[in-house]
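So you can see what is in the structure, the chains are spelled out below.
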Amino acid sequence: MPSLGADMTSGTVVEWLVKPGDEVRRGQIVAVVDTDKAAIEVEAYEEGVVTDLVVPVGATVAVGAVLARLAPLGAEVTAPPAAEPALPAEPALPAEPALPAEPALAHSDGAPAVSSPLVRRRAHQLHVDLDTVPGTGPDGAIQRADVTAASGGLALGRPRVRSSPLARRRARELGVLLDSVTGTGPRGAVRVADVERASPRAPQAPMPIADPAKPQQHAATARAEATARRQAAVGELMARSKRDIPHFYLGADVDLAVASAWLHNRNRDRPPAQRVLPAALFLRAVTVAAAEVGHLNGHWVEGGFQPIDGVHLGVAVSLRDGSLVAPGIRDAQRLDLDEMMEALRDLVVRARSGRLTREQMSDPSITVTNLGDLGVDTVLPVIYPPQVAMVGFGRVADRPWAVDGMLAVRPVVSISLAADHRASDGHRAARFLQAVARRLQCPAELDPRSAP
Amino acid sequence: MTATMSDTEARAIVAGILADIAPEVDLDEIDPAGELQPQLDIDSLDFLRFVEGITKHTGLPVPEEDYRRVASLDGAVAYVSGHR
Amino acid sequence: MSVGTRAVPTGAATGTYREALREAMRDALRRDDRVFLMGEDVGAYGGAFAVSLGLLEEFGPDRIRDTPLSESAFVGAGIGAALGGMRPIVEIMTVNFSLLALDQLLNNAATLLHMSGGQYNVPLVVRMTTGAGRQLAAQHSHSLEGWYAHIPGLRILAPATIDDARGMLWPALEDPDPVLIFEHGSLYNASGALSDPPAEVDICHAAIRRPGADLTLVTYGGTLPLTLDAAQLLAAEEGCDAEVVDLRVLRPLDTATFLESVRRTHRAVVIDEGWRSGSLAAEVSARLMEEAFDDLDAPVGRVCSAEVPMPYARHMEQAALPSADKVAEAARRVLAGG
Amino acid sequence: MTVILPAPRGSLGTGTGLLWLRDMLRIRRFEETCAQLYSETKIRGFLHLYIGEEAVAVGTMEALTPDDSVVATYREHGQALLRGIPMKVILAEFYGRAEGCCRGRGGSMHLFDRTRRFFGGNGIVAAGLPVAVGLALAERMQSGGPGRVGDPGRVGDPGHFGGPGHFGDNVVACYFGDGAVAEGEFHESVNLAALWRLPVVFFCENNQYAMGTALARSHSQTNLAIKAASYEVPAWQVDGMDVEAVAAAAARAVEAVRNGAGPHFLELLTYRFRAHSMYDPDRYRDKGEIERWRARDPISILADRLREAGALDDAGMRGIEDDVAAEIAAAVAFAEAGQPEPVADLTRFVTSEGGQP
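Protein chains in written order, with my numbering: chain A, 1 to 452; chain B, 1 to 84; chain C, 1 to 338; chain D, 1 to 357.
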């Protein structure tokens, strides 16, 4: 059966124009076949003598099926050969392609039971870990009921919380339960600002965007209002911090002679814009130490310490209007010394011009305050919840210092650490301070890329 | 710049730079010989931006050794005009 | 350099968008004698929008060729001449008439290289005016960049600034594949700094015309000016710091630039003079949903033309078209959570 | 004025005649084999056979040089073979193999070969005409007259089509059917070519039918040469079944165009012995008409003349048939052994490699 068109799959023999024993030449029309489109003549592409007509008139066969057989020209053709087992007539229409079977729910040993996407989504909604759920379905497949049971039946009746994707992501990061947050979005949808306001210690709730319906506001009064609101928020935060967090304090004085000389030498032939301040060196030291010593870089959430991978370094910045903010440098561990200096510069300039980016306002994992500029020797900082530690740097000043038993004058800084006793203890806090001090003693280590 | 810049010109440059950093401070009310940092309530980062401003406007490299000489208003003006 | 009434930096010559386009063609015609211009009334008449005024006198009738009213033939001839080794610039008077040459552009220009297994590239540049706003009524006011940006094998450019109008033509001529340049009719008279030597521009990336932190406004071509105005409005009234992204290249879309912006601002409005359904704005919005879902604090807003044949009466046309106020309104909705 | 050019008697150099016969048989047997391969589902999609029109391709291509350009239609297998694209490469393209002239991406309707200035088949009726006019425009602008194209200061050039000495008196041969004459692009293109006196020769293969619509049912004026003449273009009707007549007419037209006389139009009256394509039940033509045209099979006409001239005998004919059969067998083997293009190359050549990022 020839294919007589791209979408032709079978044909019905309407007429035979030859019979066994007839000689056939190339190109001769030997039969007429009906396709869905029309009756079409079938030509022979070979010459020979017809031995038998396999497919009778009226039968439908698939493209490619044998219609008739030819013997080479001149061959004697006796009576039609013994009844060949007639070719089983193909079913009229090709069978509907069988629907691909449901993926077999084979439960290979060891691998977690297979579960359908719907079940996986349900588990995600109810914060249920599928690995821990016994499946009661065929071959141990996990069913919806199994998930609901595993969630302690809590799920029943708990409505899905409408929220923006960013709000959900921030809630996960801040450990805030969405359904504990009142949404200010359309139809009560929770937005990221709502999550941050609800989180106990967002350092600075972002200036709420004016209500679109509110009449136009004079820019200056808007700014004054914003400052007042910000100071109130920080005040309330500090009060709660002192109330809830059992602070304990450690201090250490560090000789910066080596670091100062190294930094002075590094800055010598650089234009001011590329010079690095000691503050950047301090931030690098804290970042490296925080990454090294766990239990100080993370958040205290719902009665448990949640470590955070990556050091999101908060920096306390005083604004011109006197108020204080502590925006963060995200993933500070990725920055070398020059990049840390640039990040610090960008953070301070943006904070003071009120154009902090969303990322800078997102929540740090540990914060540093550097009041040395104001001539204060030691600082006893207040931790920003939910962080569990805060480092303070005092003034760098020449002090008497014992060197190899001799009295010398050295530039010394006193570093203080406030820590949350629920999350860490004196031993870990001391190891952290030593790590910071050790880094400041060999500054080149804090600046791997550029040669000293 | 040809001859040494006049003091008034140098003062204008220094004032312009400080205006960006501490906009709300009136330079006439501060002690010109006293240290700028405490009087203007600016930290070491602001001071570095002040030094940067001097370099940008005058081309002077202002190495760290010279920070002391530009720590006060008079010092800065002298530094800017004297060196021209 | 943005367009419209922006303060013009001193020291640079001023010029209009139209003059920038003309200068670009004059420069190309001088630099390579395989370059020639072909289209209806581009020669003696000086161009329906006077873009090619004076070129006939300077380069002669062989390289500034007026054609009969036969869009399919002269666009096809442009393809043939490009295959034959020339570097033609074909001007289709407006995108509305380009429909008569759509088969040549789609089935020949865009398809030949791939269909021939990499043998025949078509180094052709086609320029056409686009857009509404001049009361030319339904048949002369279409914005169909989105149609052409749908076709693999074409590069689609939308110069919205003087520098882009001046700078995009040469790299387009150097591109071994067909490039379509859409010039919005309302931009021709816009004036701005015409830097000399002309600014180097690429034809691959979008550009941030106004940096901002709170909201991303994505647009292209004729709607850039009103989008910048909307950003001013938002800054003044809402204290909202909007970032304006000018796509510049509609195919291939520089997705990275507007994704990075929205990852910072978490809110986006797309402004597109095409009709909303199946528009370029829909494509930008879909890519934001697909690749920046977790960064969105509100659904992506869209400001497009009303889905109507463009009416003649001015007040009706303005009602149908995107505007700074409509963009600001959409922005407020997005800022409030969408 | 249109005149049917009779074949000049006795001009049949025995050598050329035999070459023509061989070429016509190559086309005929190749197309017959393709029909069979199609029925065996080896070739898919659309397949438009040239059986019956061989004399048009052989006669007209005779007048072209390697530097001329050819633009054809989806019924372009004959032109492609005569232009020199190897039969096995064409068949591999029909099989959709990577060894095909377009890596299997074009199929039977879109054969291209840049090295031989074969600007393809084209699936859209009449869409090749404007492109042919453009190629002729490029020839005219690069070969002489004002604005002689020099080399200095070129735009980055990924490679120039046609080698050195390419410029000069080259022509563009543009093939299309009677159906295309009813398309708007025919009017636009012939007018533009005449207006600018471009070196293009329009070869109209009038096989009497636009798919299923007979000539008289789609053209108010069925003498297509008169239509072309109205654009001030010299136009002749030619007996498309007589290869000598075709060759003579084509030579005359191409020569005139080469010498700058502007475009010419030949209406080659011919007939396809098979349906429009493999999927056409061919109900719209009556058997008597087909038989009448079959009686003037262009191959038989030529073969009989060669026999009369003593240039051909049975042995000679068998020799040609055997050579052709061998070439076809090799082509089939090559195509069968062809490899599919790797799917990973799907997006290659959407734009030029090394073009803009």
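Be a bit skeptical, because a hint or two may be false.
Stated by the list, open to error - With a straight-line cut-off of 20 angstroms between C-alpha atoms, the simulated SDA-like cross-links for lysine to any residue are:
| # | chain 1 | residue 1 | chain 2 | residue 2 |
| --- | --- | --- | --- | --- |
| 1 | A | 37 | D | 255 |
| 2 | A | 37 | D | 280 |
| 3 | D | 287 | A | 273 |
| 4 | A | 242 | A | 302 |
| 5 | B | 56 | A | 273 |
Honestly, the hints are just simulated from the structure, not real lab data. Being a predicted model, the structure only gives us computed values, none of them experimental.
- Mind listing which of the numbered hints don't hold for this structure, in increasing order? 1, 3
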